[in-house]
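Residue numbers (numbering that gives the first Met the number 0), protein chains in the order written: chain A, 0 to 394; chain B, 0 to 394; chain C, 0 to 394.
In case anyone wonders, no lab produced these hints; they're calculated from the structure. Small disclaimer: the values here were computed from a predicted structure and weren't measured. Keep in mind that a hint or two might mislead.
Same chains, same label: a pair holds when it works inside one copy or across any pair of copies.
Stated by the list, open to error - List of simulated lysine to aspartate or glutamate pairs, DMTMM-like, C-alpha gap at most 20 Å:
#1 K275 - E349
#2 K360 - E272
#3 K112 - D318
#4 K188 - E34
#5 K202 - D280
Residue strings, one per chain:
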Amino acid sequence: MITQEMNDRLTRVGPGTSMGNLLRRYWHPVGATGEFDKEPVQPVRLLGEDLVLFRNERGQFGLIGPRCAHRAISLAYGIPQPNGLRCAYHGWTYDTDGHVVDMPFEPACLPLKIPSYPVQELGGLIFAYLGPEPAPLLPRYDLFVREDLDRSMEITPLPTSWLNCMDNSLDPIHFEHLHGVFGNYVHKKLGRPAAMNPARHLKIDFDVFEYGIVKRRLVEGDPEDCDDWTIGHPILFPNILSVGDVKRPNYQIRVPTDDTHTLHIRYQGVLREPGKEPRSDVPVRRMQVFDEQGNILEPAVNIPEQDMLAWVAQGPISDRTIEHLVTSDRGVALYHNLLLQEIEKVERGEDPMAVVRDKAKNYPMIELPRERVGYQQFWKVGGITREPARPAGRG
Amino acid sequence: MITQEMNDRLTRVGPGTSMGNLLRRYWHPVGATGEFDKEPVQPVRLLGEDLVLFRNERGQFGLIGPRCAHRAISLAYGIPQPNGLRCAYHGWTYDTDGHVVDMPFEPACLPLKIPSYPVQELGGLIFAYLGPEPAPLLPRYDLFVREDLDRSMEITPLPTSWLNCMDNSLDPIHFEHLHGVFGNYVHKKLGRPAAMNPARHLKIDFDVFEYGIVKRRLVEGDPEDCDDWTIGHPILFPNILSVGDVKRPNYQIRVPTDDTHTLHIRYQGVLREPGKEPRSDVPVRRMQVFDEQGNILEPAVNIPEQDMLAWVAQGPISDRTIEHLVTSDRGVALYHNLLLQEIEKVERGEDPMAVVRDKAKNYPMIELPRERVGYQQFWKVGGITREPARPAGRG
Amino acid sequence: MITQEMNDRLTRVGPGTSMGNLLRRYWHPVGATGEFDKEPVQPVRLLGEDLVLFRNERGQFGLIGPRCAHRAISLAYGIPQPNGLRCAYHGWTYDTDGHVVDMPFEPACLPLKIPSYPVQELGGLIFAYLGPEPAPLLPRYDLFVREDLDRSMEITPLPTSWLNCMDNSLDPIHFEHLHGVFGNYVHKKLGRPAAMNPARHLKIDFDVFEYGIVKRRLVEGDPEDCDDWTIGHPILFPNILSVGDVKRPNYQIRVPTDDTHTLHIRYQGVLREPGKEPRSDVPVRRMQVFDEQGNILEPAVNIPEQDMLAWVAQGPISDRTIEHLVTSDRGVALYHNLLLQEIEKVERGEDPMAVVRDKAKNYPMIELPRERVGYQQFWKVGGITREPARPAGRG
Chain A
0 MITQEMNDRL TRVGPGTSMG NLLRRYWHPV GATGEFDKEP VQPVRLLGED
50 LVLFRNERGQ FGLIGPRCAH RAISLAYGIP QPNGLRCAYH GWTYDTDGHV
100 VDMPFEPACL PLKIPSYPVQ ELGGLIFAYL GPEPAPLLPR YDLFVREDLD
150 RSMEITPLPT SWLNCMDNSL DPIHFEHLHG VFGNYVHKKL GRPAAMNPAR
200 HLKIDFDVFE YGIVKRRLVE GDPEDCDDWT IGHPILFPNI LSVGDVKRPN
250 YQIRVPTDDT HTLHIRYQGV LREPGKEPRS DVPVRRMQVF DEQGNILEPA
300 VNIPEQDMLA WVAQGPISDR TIEHLVTSDR GVALYHNLLL QEIEKVERGE
350 DPMAVVRDKA KNYPMIELPR ERVGYQQFWK VGGITREPAR PAGRG
Chain B
0 MITQEMNDRL TRVGPGTSMG NLLRRYWHPV GATGEFDKEP VQPVRLLGED
50 LVLFRNERGQ FGLIGPRCAH RAISLAYGIP QPNGLRCAYH GWTYDTDGHV
100 VDMPFEPACL PLKIPSYPVQ ELGGLIFAYL GPEPAPLLPR YDLFVREDLD
150 RSMEITPLPT SWLNCMDNSL DPIHFEHLHG VFGNYVHKKL GRPAAMNPAR
200 HLKIDFDVFE YGIVKRRLVE GDPEDCDDWT IGHPILFPNI LSVGDVKRPN
250 YQIRVPTDDT HTLHIRYQGV LREPGKEPRS DVPVRRMQVF DEQGNILEPA
300 VNIPEQDMLA WVAQGPISDR TIEHLVTSDR GVALYHNLLL QEIEKVERGE
350 DPMAVVRDKA KNYPMIELPR ERVGYQQFWK VGGITREPAR PAGRG
Chain C
0 MITQEMNDRL TRVGPGTSMG NLLRRYWHPV GATGEFDKEP VQPVRLLGED
50 LVLFRNERGQ FGLIGPRCAH RAISLAYGIP QPNGLRCAYH GWTYDTDGHV
100 VDMPFEPACL PLKIPSYPVQ ELGGLIFAYL GPEPAPLLPR YDLFVREDLD
150 RSMEITPLPT SWLNCMDNSL DPIHFEHLHG VFGNYVHKKL GRPAAMNPAR
200 HLKIDFDVFE YGIVKRRLVE GDPEDCDDWT IGHPILFPNI LSVGDVKRPN
250 YQIRVPTDDT HTLHIRYQGV LREPGKEPRS DVPVRRMQVF DEQGNILEPA
300 VNIPEQDMLA WVAQGPISDR TIEHLVTSDR GVALYHNLLL QEIEKVERGE
350 DPMAVVRDKA KNYPMIELPR ERVGYQQFWK VGGITREPAR PAGRG
């Protein structure tokens, strides 16, 4: 139970807020490369700011303010040019830095500029940096870079706070209850057999490391030397869950759209079978799981949908003035304290944790701890080990 | 024409308002028993309060606050247990009084409690009481209890104030104009013959009795000893119209969802034919007649839809600062004065009218005056007595 | 770039605003005669005021306040009578001046009146005047009156300010860029060939005349004596564009619904072929091009849709505090200054421009300058002169 003031400090992400300032020290994905052949100009919203992301005809990406400096029309209708984005209304053209480079009919091109932010591509995603210069390096986290994986992603807009999502990742216990008991209840209501064994948690633990927090669990039936307990999996500070096993590792990136909306990117790697051709693209699937009022459109039959259900069912921003954190919430408390501590670092002018400026650490990649196998007990249903229910259409 | 302040006093139903305090002295239906096999957990909203109504696996109903005390997730996703409702997220379980009775993983179950209100079942409805203890008796009004009737109900959410609905019931004259003249106009626009004779009202009268107000009318063509004039039909204080004749009596219950929304329950009894088996259930039909903006979805061809149209067409709360009550509104004025008088009783610490605490009066039932036949002149169209147009799907 | 205060002064149209006072000195279309057979009672919104437009059974139009003086129900459900509009609820009847003329059941008809405004029919439109008496003449602009034309109209509600629309009409340059370059880009994305030659503007000019502003352009390829440059076409003050050529002249009337909504009426004349029977009606097509959030429903393939796209893409009210007017915006600046000047005239108690009180000028009609042919260069695509893409369903 915290004050409303503290809840605001932890959740508000707009320009000038404490958390907004912290989150602006990191690169955030705002688009998927694979979608720009079909639509090279896309309106985006990040940290409460409306922007336009475009790819010019030379293949360079730009992220600029949403309105033309001339008559304030939305640049989301702009036309890609070799040298930038041309406004639909009168042809004023913006380069990737937001400078007007063409002003048809006018005797001279006035030296105008609209806001712009740096972007970089990695692993099929376009990342943006909205913070103060000099920008840090874009972290080369392993799944974005590894050559032995094929990649794909699912992108889901959620009408809920990014922190509702993140709290869930610091909370191992929910797996037993939300995915085990509740998931089985959803299947039962659909006339289907139980999908999961809700293995009882015996203990949980957390370690802070260079790039975030590793969480670990031991459940009934597993030995003390199982990967879930000895290795665990990391939450990359500030807003990425790294999960899955060596064969199917994935990231869940919770991009803060604004205070009450999150763009959820489930970034999936699949270990390529030996001798198989690597796939050259990173396919993208856009999902719609909730309406704007937070009603789920279909029953939540798999783990990602159940997680999203729990986040959205906490409301646009969870009311932490009425909650009661208990011993199972140690990870949540640790994470909140880390957020507050890193906010203070930023306020002192320091880099917060997991900001990467050392090329030696970033190349060829940042390798992360990962279970070889995980969650084994949960899939032993009625004595038989089942396949996890996966979202439809996932590889 | 009244002041805005007085209109607020008459219409606002939230916690702490004058009318909210009065309405909290009565039991209000919040669910239909027949729907709990399919969905045993239902979010409800009553008098401006969001709540969750559930049936545990022992068949007991509970009405509790909407959010888990742990992480504030909606309990509308809860799972019924023998001993209560289990939160989807981490399994905290609430009994029907709102006490946490299970807190998995925690070393001990903390003595937490969320809000809860008493509920009772009667006649296929679940009633809730949101007022101060001791709760009065749930009135056993005849249609809920009689053994010679089969029952059914239609439930319609309306984007309008409960008082818009109630005013209509204290106003006999509208029948001639809204159902007669306007109803015929609706049919004419659809290319259909007139459905009703708009019999002219000669006089109207009202009597206050123990449970509310009886209204009476005499229309052209009817003798002075007709039931419409000598018996009439009652408005049960504060928010139920009892209407229909001995063969097809019904209640129209206007449950105040909040200031600007009403849950309309049309509770229909049909006199069972001699020797016929009683039906064991009370079937429920959920209707959608308006969108949230108050647009009617289909032409208003029958009496209930025409009434609803008039209420909704007054806006979310009728602007009584611009109205002109006239002699035909005697019943409306009487009803408003009664509401204000009963508000004052509550403020003095007294029970308001129609609060039942005497078991002798309540058992076996509270019998209400009812016309043997009614509205006869209205169905004489072109010299022939027609059947009233009924809502589709009504028995 | 202007201040927010100035932008408000130029755009706000509600009762008591500066611009609202100016716009109330003109007649505005609020309905189309051809639609009243099907629906003789229509809710309308004009200059921020909700009203009801009806045709009584004698064929007379009335424009009255939206709510019955009795119980404040919407009169949009009223029933036309020979002597006025009868309220659906209790039959109170209003004449075209808003007087109650019937009050069934009451011992006497009380002398009540609701707001009303004068209306007049012309050319298949019903015009309303919301300003101070004495009302000026309804201007008989030529397309409403000429006997050598057949008429039709398209009516499109737009979620944007009337001034966004009007600015566009004072801005010749956009034609080359919005309809030429952007239009071709829209067609290209649909796999279609370019629809237009984006002829380069060489010069533009503007002249104030008795009824507004004439705008003129010279584009590359056209001689100095072309109609586009020597004649041009007028913007009728304050809110009508007159465009097209002698064969297919049209008006685009931007009726200010409220600050952020406009009813766009594209009023089309087609020169009748010699010997052909005149058509007796003025057909009406209701269009839906955008949703309420301003998203366009289909790609903008023709000129009217592209214009609408530009207006709506400026937002509900264009943010003129961030714009940069340049030399190509001379017409826009001229128009804004004219608006401000005419506001001041009204504030001094004078008639603003284009208010017509002289019958001699108004009869038989007010003839407007019009190009014999226009826009020729734009339709020379690949050396071939094409037909302009027209909205589907236009004659």
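Taking the hints in turn, this is what the structure says about them:
1. With identical chains, the CA atoms of K275 and E349 are never at most 20 Å apart, being 46 Å at best within one copy and 83 Å at best between copies.
2. In this homomeric assembly, K360 and E272 never come within 20 Å of each other (Cα to Cα): the closest approach is 29 Å inside a single copy and 80 Å across copies.
3. In this assembly of identical chains, the alpha carbons of K112 and D318 lie at most 20 Å apart only when taken from different copies (17 Å versus 41 Å within one copy).
4. For the identical chains of this complex, K188 and E34 are inter-copy neighbours only, at 15 Å across copies versus 37 Å inside a copy, given an alpha-carbon limit of 20 Å.
5. For the identical chains of this complex, K202 and D280 are neighbours neither inside a copy (41 Å) nor across copies (49 Å), given an alpha-carbon limit of 20 Å.
Checked against the numbered hints given earlier, the structure breaks hints 1, 2, 5 and satisfies all the rest.
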